[in-house]
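Asks: In the working numbering, the protein residues as written are 289 to 591.
The reader is advised that the hints may include incorrect statements.
[What the hints assert, rightly or not] BS3-like mimics (lysine-lysine), calculated; alpha carbons at most 30 Å apart, straight line:
id : residue 1 : residue 2
1  : Lys436    : Lys318
2  : Lys318    : Lys334
3  : Lys334    : Lys436
[What the hints assert, rightly or not] The following label-pair restraints were derived from C-beta to C-beta distances:
id : residue 1 : residue 2 : range
4  : Thr518    : Arg556    : 26 to 36 Å
5  : Gln549    : Arg576    : 18 to 28 Å
6  : Ala525    : Asp399    : 24 to 34 Å
7  : Glu352    : Met289    : 24 to 34 Å
8  : Glu312    : Ala403    : 58 to 68 Å
9  : Thr557    : Ala517    : 26 to 36 Å
The set of hints was computed from the structure by calculation and includes no laboratory data.
We put the beta carbon where it would ideally sit given N, CA and C, even for glycine.
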Amino acid sequence: MDLDEVADELYGLPLDEFTPTRTERERQAKSDGDQQLAGAIRRLTKPNVAAWLTNQLVRQHPDEIDPLLQLGAGLRDATAALSGDRLRTLAREQHRVVAALVQQARALARDAGQAVSEDTARAVQTTLQAALADEDAADAVRAARLTKPLEHTGFGGLSGLGDRGASGAATRSDRPGRTGTSDDFPDDSPDDSADDRAAARERDRAERELEQARQAVADATEQRSEARATARAATDAARDARDEVDRLEDALASARRDLTQREREQARTSSALDRAEQALAATQARVRELTSPGTPRSTSRRR
Numbered sequence: 289m290d291l292d293e294v295a296d297e298l299y300g301l302p303l304d305e306f307t308p309t310r311t312e313r314e315r316q317a318k319s320d321g322d323q324q325l326a327g328a329i330r331r332l333t334k335p336n337v338a339a340w341l342t343n344q345l346v347r348q349h350p351d352e353i354d355p356l357l358q359l360g361a362g363l364r365d366a367t368a369a370l371s372g373d374r375l376r377t378l379a380r381e382q383h384r385v386v387a388a389l390v391q392q393a394r395a396l397a398r399d400a401g402q403a404v405s406e407d408t409a410r411a412v413q414t415t416l417q418a419a420l421a422d423e424d425a426a427d428a429v430r431a432a433r434l435t436k437p438l439e440h441t442g443f444g445g446l447s448g449l450g451d452r453g454a455s456g457a458a459t460r461s462d463r464p465g466r467t468g469t470s471d472d473f474p475d476d477s478p479d480d481s482a483d484d485r486a487a488a489r490e491r492d493r494a495e496r497e498l499e500q501a502r503q504a505v506a507d508a509t510e511q512r513s514e515a516r517a518t519a520r521a522a523t524d525a526a527r528d529a530r531d532e533v534d535r536l537e538d539a540l541a542s543a544r545r546d547l548t549q550r551e552r553e554q555a556r557t558s559s560a561l562d563r564a565e566q567a568l569a570a571t572q573a574r575v576r577e578l579t580s581p582g583t584p585r586s587t588s589r590r591r
């Protein structure tokens, strides 16, 4: 058991299993007499929900994450080349890919029984957008050991990258051919041409505009999603209300038919009762007439 193995296990677990499993692995390391490993395991940070979701997205759907990271490389190349048409095309594509991945993350959370707030969904979105904009962020996302979301702040800035799971992805200075020292980045010399400086300024401007465009697209997408959700809810409520009105109208019509039928039956019953009462009265009068004293009685004659 080594730290990389433990970290890979922990950051792939359901969120509520992270802490008890980390405690168990720390105990095992101590039992094996490896105090240094035990301490390193103890320092592994539990991810928040957004980071955990992003990690699971990478682990469970690598075939969907790879196109995102490849798209990010294309965006960075287009920015460096100042290719406006290609930037616009790729920006539209990144919006589609990021939106689809955020929905996939929501589905993963539902399957895991994990609630996802709008803030959490936005944090997943900003992390994916950071992976598009910055190579270090792309490496960190690919490693799937994030502990908190990433955010690209423009001008090469990136927040959230300092706290990652053990032995996360290499930074740029760790990559082959780069020592990370100042020798790898020669200082500008007085011989730099005006064209080079102008190109650098143009690249900076293009990067700023790209970042602003990405944010505008993200904001517009969120607003459109919220508007669509509101419209769907209103449409559903209106449909339910219409269904309820139809049901009540049907019930009212049925009740009216029943009432009319009952009124007719009552009228027929009343008429029959009146006739019966009249017949009874006539019969009673005849009986009294026949049974009163002095009333001659008919006699039968014999033949």
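Asks: Take the hints in turn and mark each one as holding or not.
Replies: Structure-based check of all given hints:
1. Between the alpha carbons of lysine 436 and lysine 318 the distance comes to roughly 28 Å, so the proposed pair stays at or under 30 Å and holds.
2. The hinted pair formed by lysine 318 and lysine 334 meets the criterion: a straight-line CA distance of about 20 Å does not exceed 30 Å.
3. Between lysine 334 and lysine 436 the alpha-carbon distance is near 9 Å, which keeps this suggested pair within the 30 Å criterion.
4. Checked against the hint of 26 to 36 Å, the C-beta distance between threonine 518 and arginine 556 comes to roughly 57 Å, which is inconsistent with it.
5. Hint check: glutamine 549 to arginine 576, Cβ distance near 41 Å, so the stated range 18 to 28 Å is violated.
6. For alanine 525 and aspartate 399, the Cβ-Cβ distance of about 28 Å falls inside the hinted range of 24 to 34 Å, so the restraint holds.
7. For the hinted restraint 24 to 34 Å between glutamate 352 and methionine 289, the CB-CB distance of approximately 31 Å keeps it satisfied.
8. At roughly 26 Å, the beta-carbon separation of glutamate 312 and alanine 403 lies outside the given 58 to 68 Å, and the hint is violated.
9. The beta-carbon spacing between threonine 557 and alanine 517, approximately 59 Å, falls outside the hinted interval of 26 to 36 Å.
Checked against the numbered hints above, the structure breaks hints 4, 5, 8 and 9 and satisfies the rest.
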